[in-house]
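Can you join these two chains into the complex? Each is in its own frame, and there are hints to help.
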Amino acid sequence: DSGVTQTPKHLITATGQRVTLRCSPRSGDLSVYWYQQSLDQGLQFLIQYYNGEERAKGNILERFSAQQFPDLHSELNLSSLELGDSALYFCASSVLNNEQFFGPGTRLTVL
Amino acid sequence: AQSVAQPEDQVNVAEGNPLTVKCTYSVSGNPYLFWYVQYPNRGLQFLLKYITGDNLVKGSYGFEAEFNKSQTSFHLKKPSALVSDSALYFCAVRDYGGGYNKLIFGAGTRLAVHP
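Listed in order, the protein sequences are those of chains Z and R.
The numbering of the first sequence is the numbering used here, which starts it at 44 and goes up by one.
The numbering of the second sequence is the numbering used here, which starts it at 3 and goes up by one.
So here's chain R without its partners, still in its complex pose (with noise of 0.2 Å):
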């Protein structure tokens, strides 16, 4: 079955600093990897995804994240946080075939962002 982790429950980070969130995954076949973003009272905002090619994937609101199939992780990632980034971030797997698509969700990491 197709799964995912996020270690972390709370990530803390100064604005300026580079952040990280950690997800790992356990897929059977080729992962299918999304992150996503919920602010308070929000629905989830796509991010990025990752299918196939290169390994670092570039995404919205300077965010990227990088996909390593030994460590089978894919974290998120930015050069320079901001306030305004401070939300629940969520990573997700497709699990797929035989016509059906939905997406397994990590638990969520919560990312806050001091000034």
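Same shape as in the complex, but just chain Z (with noise of 0.2 Å):
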């Protein structure tokens, strides 16, 4: 167990609808990360936050999009969802920049 929770474990909705992941950090990580896991793109960075305030963005869609809030805890926000975008979503925290420690995953399949 690496102490970063994520909520839910599967999620399964339509085209065109709007979902929210949440993940909360380890204790005491201000860094929390998120990546999409997918067959064709494989591990892709989405987008970093560090004590509130995004510091790094990667391939994330404009149809994405994430916050961090005061007592830590991220959430992902995607709106529009379209086939593709049918994934396991990580989240993982870290101290500064030491290594990041990984959630169990949301598993979101879009019909």
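These are calculated hints, taken from the structure and not from any lab test.
Where is the CB? At the ideal position from N, CA and C, for every residue including glycine.
Hints should not be assumed to be uniformly reliable.
[Stated by the list, open to error] Partner residues aside, some chain R positions facing chain Z, computed with beta carbon under 8 Å:
#1 29
#2 33
#3 36
#4 41
#5 46
#6 51
#7 101
#8 110
Structure representation (structure tokens):
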């Protein structure tokens, strides 16, 4: 158990809908990261937050957004969902720039 | 741009034999390298990292990795494979600077250890 929690574990929704994925980092970790794992794209970095501020953006679509709250938990919002958004979404956390610890992921299925 | 490559989609090993999972990297500056393992329906678990120092890095579950600067490689090794080591292994390099920090992953190598 890495100490990073993600909810929900599974999410099934329809095209065009909006969903919110939630992540709680390890105690004491100020950095939160979101990654997407899909069969065709592999593991891709989406976005990083540090203590509430956005620090880096990767291949994140404009339909996707994220935020980190004062209690350090983070949410990833995915809107206008398409079939191709079906993937495993991971959250990770770290202390400053040390190794990242990953949560169990949320499996999103868009029908 | 930082990148890593895992040249093998799958590695097959007999239980008890040594295993190697290959990774090569391309970075500007000093490389910060990592290995993660993913078991079915699980998240990624951190195995080990190289930042500086000894070229042989020891990690979790008996794994180790050898950093080779001249060959730009960071191969994962284990002296004696277990069936329970069967999983998906990812090599990653840290891309950082200006307050940001992200991991660039390889495509992954599926390790199958046969009894």
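Comparing the hints with the structure gives:
1. 29: violated, 15 Å
2. 33: violated, 14 Å
3. 36: At about 6 Å, which falls below the 8 Å cut-off, the nearest Cβ of chain Z leaves the hint on residue 36 of chain R intact, so it holds.
4. 41: violated, 11 Å
5. 46: holds, 4 Å
6. 51: Cβ of residue 51 of chain R sits 5 Å from chain Z, so the hint holds.
7. 101: Given a least distance of 5 Å, the restraint on residue 101 of chain R holds.
8. 110: Holds, because the Cβ-Cβ distance from residue 110 of chain R to chain Z comes to roughly 7 Å (cut-off 8 Å).
Of the numbered hints stated above, those contradicted by the structure are hints 1, 2, 4, listed in ascending order.
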